[in-house]
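Chemist: Sequence:
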Amino acid sequence: MKKFRKVLDGLTTSSPGGTIGSPSCGSAAGTPTAAPTPREIDVQETLVSENFQLCKTVRHGFPYQPTALAFDPVQKILAIGSRSGGVRILGRPGVDCYCQHESGAAVLQLQFLINEGALVTACADDTLHLWNLRQRRPAVLHSLKFNRERITFCHLPFQSKWLYVGTERGNTHIVNIESFILSGYVIMWNKAIELSTKTHPGPVVHLSDSPKDEGKLLIGFESGTIVQWDLRAKKADFRIYYDEAIHSVSWHHEGKQFMCSHSDGSLTLWNLRNTTRPFQVTFPHGKIQKDGRKESCKPILKVEYKTSRSSEPFVIFSGGLSYDKAGRRPTLTIMHGKAITVLEMDYPIVEFMVLCETPYNNEVQEPYAVVVLLEKDLIVVDLTQSNFPVFENPYPMDIHESPVTCTAYFADCPPDIIPILYSIGAKHKKTGYSQKEWPISGGTWTLGSHTYPEIIITGHADGSIKFWDASAITLQMLYKLKTSKVFEKPKPGEGRAAELVEEDPFAVQMVSWCPQSRIFCVVGISAHIILYRFSKYDANTQIVSLEVRLQCESEDVISPSENENNPCFSEQGSHSPQPHHQHPASPGNRTPEGIKDSIPCLKVKDRVVRVPPGYQSELVIQLLWVDGEPPQQITSLDINSAYGLLAFGNCNGVAVVDYLQKTILLCMSTLDLYGAADPYQRLTRSPRRNRQSTSGLTELTDNQQSIDMERSKSPTSVKGPGRKLSLPTDLKTDLDHVNGHCTSPTSQPCSAGKPRIPMGPEGPRLTRRGPGRPPFRKAQSAACMEISLPVSHTEVGHASRRAMLQQLHGVTMYSHDEHHTTASYCWSERESRENSFSRSRSSSVSSIDRDTKEAVTTLQFGESYGRKSDALPTPCLWVGTSLGVVLLIPMSIPTDQEERMEEPVTIGPSGAVLMLKSSVLRFAFLDLVGALIQSPYEVWRDLNAPEDPDRPRRRKLVHFSPSSSQDACGDGHLAVVCSERQAKVFLMPSQSCLFVHNITESSFVLRADVVSVCNSVCLACFCANGHVMTLSLPSLRPLMDVNYLPLTDMRIARTFCFTNGGQALYLSSPTEIQRITYSQEMCDNLQEMLGELFTPIETPEAQNRGFLKGFFGGNAHTFDREELFGEAAAGKASRSLAQHIPGQGGVEGMKVAASGAVGELARARIALDERGQRLGELEERTALMMTSAETFSKHAHELMLKCKDKKWYQF
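Just so we're aligned: 583 in our numbering is position 583 of the sequence shown, and the numbers increase by one with no gaps anywhere.
Derived by calculation from the structure, the hints in this document are not laboratory data. By construction, the Cβ of each residue, glycine as well, lies at the ideal position given by its N, Cα and C atoms. There's no promise every hint is true.
Distance ranges between label pairs, derived from CB positions [what the hints assert, rightly or not]:
| id | residue 1 | residue 2 | range |
| --- | --- | --- | --- |
| 1 | Asp678 | Ser484 | 40 to 46 angstroms |
| 2 | Arg293 | Glu392 | 40 to 46 angstroms |
| 3 | Asp243 | Val186 | 24 to 30 angstroms |
Calculated pairs, DSS-like style, for lysine-lysine (alpha carbon to alpha carbon, straight line, at most 30 angstroms) [as the list claims (entries may be wrong)]:
| id | residue 1 | residue 2 |
| --- | --- | --- |
| 4 | Lys161 | Lys338 |
| 5 | Lys256 | Lys145 |
| 6 | Lys294 | Lys76 |
| 7 | Lys1206 | Lys1194 |
| 8 | Lys191 | Lys161 |
| 9 | Lys429 | Lys480 |
Build the full structure now, drawing on both the sequences and the hints.
Modeler: Structure, rendered in C-alpha cells:
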C-alpha cells in the first residue's frame, strides 16, 4: 500500500513553481519522495518487477539487404539471409521467424536439410552454422569456423549427412552435418585439374552430385574449368576448359547433360559423351549485328534447367541482356520450348530458385513456380500458366513501398474497426494474380488465446498512410490512404512549386487517431494538418481549408520588449476566436520584392471532389509563409472528438482549431501563453548593452545555475547567414546528402529564421534569411537515418544532445538543463559514434541552442482543473514546452448539440504553471485510486449515411470525469508529467508535486508513454542510451531497467512507440518493423503465439526407375558416403584448418529449453503417433510383400511344372 500525501496548503500556495524548489522534489535520481500531508490518499499498486521482462516477439517486413535464398521442397518453407547476418524463415501466413547470427556477418548461402528440420548457413566470416528448426525459436546447434580458407560455395545432397564446401583456393572440403566435424577427405585444386595446367582455376563456384551417380561430384571453377570428380576412385573422370568464366551450372535430371551460364551472356549445354566442346552454345538475348558478330551481353548470373513430363524443359535464368539496352530494368527470362518470356523486375535480382514437385534430382522435376528474391521485394511466379502470373504475397513485404517516416501503435482497439477497415481496403486491391494458393505453405500456426485487436499505422514519404492489422503477432494490410489527393499537384516552374518539384512535400510527420470516434489526423512536412472522418459511403465533398499565421519575431525569443509582446495571429486579440481566412496562392500574395507572404506551401483542391468510402478529408489546416519566412514544422498535435477541438504547436507557439465550426480559436506565441504567470523574468531587448543576469531566476530551477547562462550569446556559434544547426548523417541506400545534414521530413531544423552573426562589441544583430530559400528539403525516410559523427570542424565542433533532438523532433529547442561543461572535446570518429547520445552539451553548442525559441513539444486535452481554486473539472488543454514548462489552458465548451454548432468555444487565460527538467514529452491523468482516466470521445457516427427520421443522428459523447468514479475518494485527480530527464506526479487541483523521479542524468528520454499492463498502469520510457524502463504509477518506483538497444540510428528514435499490453515497436531497418514486449505474461505466452516451422511429413518415395533403366546404367549402385568420408577411411582433418564451436546447449539442451514440459509432452505424443503410424505402415507393407512372395512362388511352381518335361528345342 502506497501512501500519497498532499503538500501543506501554505507551501503549495506560495508560488506556481514553488514545489519545484522544495526538498520533496529535489531528490537524487531514482529516489521517489513523498511530501507530508494532513490527509492521506491510499492507492493499491499491484505491479512489481516480476511483471516485466523484455524480449523480441516478431519482425515484420522485407528482410533488409537480402543476400541468399533457400527452399525446403518437402516442408515448403523458405529462408532468406541478409547482409547483417539475419535469417528470415517463412511458411504459411502466421509462420514467420527471424534469427540473427551473433557475429553479424553477411549470410552467403543457405542449405536446408530437406525434411529434417535443420538449416545450414554459410557466413562471410567463413563460418558454417547448423540451426535447429524443430523449435519455435531456432537456435544454433553447431558452428564450424574455417581458419585458413574462405568459403565460396556449399552443396548438401538430398538425404545425405555430408556437406560439400568449396573454397576460394579451389579446394573442396567435406563436413559431417551430424557432428559438424571436418572429414579428412579433401579434393585439392591441383589434383582436380591437369598437372600441365599453368594457371590456378580460381574459386569454386559450383558443386553438385551427378543425378546418374551420387559418387560423381561436378566441380565448377570461376575461370571456366569444370571437373567431374570420382569420389570412389579419387580421380577426375573428365575436365572441361572453357574460355568464359562460369557463374552457375544446372543438371538435366537424367545426368547425361548439364548447362552452364557464363559471363559473356551465353548458355552452354554439355553432353557427357563428348566433353571436348559444348553440345550447344546460345546467346538468348544476343543478336547478330550487321558485321556478323554477336552483340556483347551482360553475364547470366544463374541458370536452372528443369524438365517436365507434359511439356518442353524450362530454362530459367537471370541477366544476359545486351549492353546497348541501357536503362532496362533487371530481368528474369523463362525459355519454354521455343517461347521466350522476359519478366522485368522493379529491383535488381539477388537470387532466384525454381520450386519443383520432387526433392530428388534424378527424377523429372516438374517445376511449378519460381521464387525471385529482389533487393527490395519477394516475388513468386506461377509456371503452370502460360502468361506466368505472380502469386499474391500474403506477407507484409511492402512496408517500405515508400520510405516510412512515422509509426503509431494501438493495442486493444474496438473489435469492429479491423473488419470495417479490411472491407474498405479490399475494394482497392490489385488484380491479375495467380488463382492458385501461395506455394510457401509450410509450418503450422493457430490463433492464440491471448490475442486482442491491434493496429499499426505507418506514415510514408509520399504522403500515404497504411493501416495494418497487427493482431496475434501477425501483420496484414488493411487500408491505404493517400493524403496527397487533398492537394493540387505542384507544377514545375510555378512559383513556390518550382522549389518543390523534386521534393516530398506530402511526407507524413506524425499521426493522431481516435479509434472510438474514427477521427484521424495527419501532420505533413509542409506544415499542414489534414482531418479525416470515416464513412462507409462515398460522397461529394468540398474540402474546407484554414490558413494560420503562426510566426513570431526572433527578438521575442529571449528578451521581448513591450512593443514586441504582441500575439502572432490576427488582430482580434489573444483569446478571441479567429474567423476562417482563405489565402489563395496568387502572385498578389507576394511583396514587390518577391518575398513570399501569407501563402501556404501547398494548394488545396478548391473544387468538389468525389471521395470513396473510407477516410474522407474534412478539413485542411496550413501554416503560412510570413515575410519570406517558411512556416516552421509542427512539433505537437492532439485532437479530441468529444470537444470537437484540435490543437497543434511548433517552435513559434500553439493554435487551437474548432473543427466542428471550422474556426481558429487560439493562435499565440509560447511567450504570450504565460501572461502574468511567466516563470522566467525576461529582459527587454537592448541593442547597446549585453544582457545582465537577474536575481531570482534560480529560484525556479532545480540547481543554482542561472538560466541567463543558457541564453548568453556566442558570436562564434554561427558560421554565417542562414546556417542551421545540423549534424551530417550517413544515409543508407536511396538517401541524399543536402548541405551535409540530415534531410528527413522529421529532422528539419526549426530555426529562428534570423540567425546571429558577429557584429562587433555592441552585441549581435539579426538578419533575415533570403526569400529564395526553400521551406524544406527532400523528405527522407525515418527508416533511413543513421547518425554519423563527428561534426565537421568548420561547423560547430561538438555534437550535442540538443542537436540530436533537433533531428528527432524537427525543431531546434533549448531547455534549462543543469549540467554544462566549458571544456572543448575533440572526439575521434569512433568515440563520437559511441557517445553521440550521452555527452553533456558543450558551451559552443549551448550558445546556438540559446539562439532558438521555446517550442511546444506536447499537447493533451482532458478534464482537469485549470486553477487551484476550481471545484469541478473542466475541459483543459495541457501544453508542454521545450523549457520543461507545463501550462494549463481552461476552456468552456457548450454542451448542447445545437449550441455547440453555433455558440463559440471560449478559451480562458492560462491557469497553472508547472515545471520539470528538460523538454516535456508526455501527459497522463489518473484518478485517486490509481486508474488511468481516458480522454473523452465522441461515439462514431457516419455523417454520409442515409437519414433516418425515426432516429436522428446526434452526437453521443463518452466522458471519463476524474470525479465520476471516485466519490468515496474525494475530488481531484493525479497528473503524470514526463520530460526528457524526469517524471513528476502532481495532485490536482492543488498542484502539489507528490512524487518525482529523475529518470536519467547522463542521457535523455526519447519516448515516454503511460500504458496499461497486467490490469494496472505504468510509465514506460525509452532512453537515448538504449535503456527501456518502466516506473510504477503513481509512486514512480522503478520496476524495470534493461539496456536493450544502443541507439546509433535516428530511425529507431523516430519510430519507437509503446502501447498497452506491454508491447512496443520500432523500425529495425528501413524495411522491417521489430515488435518487442516488456510484459512477463506475454513472454511466457510467446511460445504459444509463435508458429511451428517444422511439421512431421513423410518423405516422398523415389519413383520406380524400372528394370531396364536400372540394368542399363541407371543409379544401380548405392553410394556409401560414410565408407569414404568417415574417420576410419579418410582420417582426421587438420585441426588448424577449421575450429568446431558447439552451440548454446546442443541438441538435448535445445530440446529441454524449447518450450517447457508442455512442449515436451506434445512432442512426445507426436513422436508416438508418428511411430505408431510408421509401424502400421510397416506391417501393411510386410503383409503385401508376403502376399507378393506367395503369388510369385505359386507362379514359379506352375511354370516349373509346365516346363518340366519339355526338351530344349521345344522352348
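Chemist: Which hint numbers doesn't this structure obey?
Modeler: Hints 4, 5, 6 not satisfied by this model.
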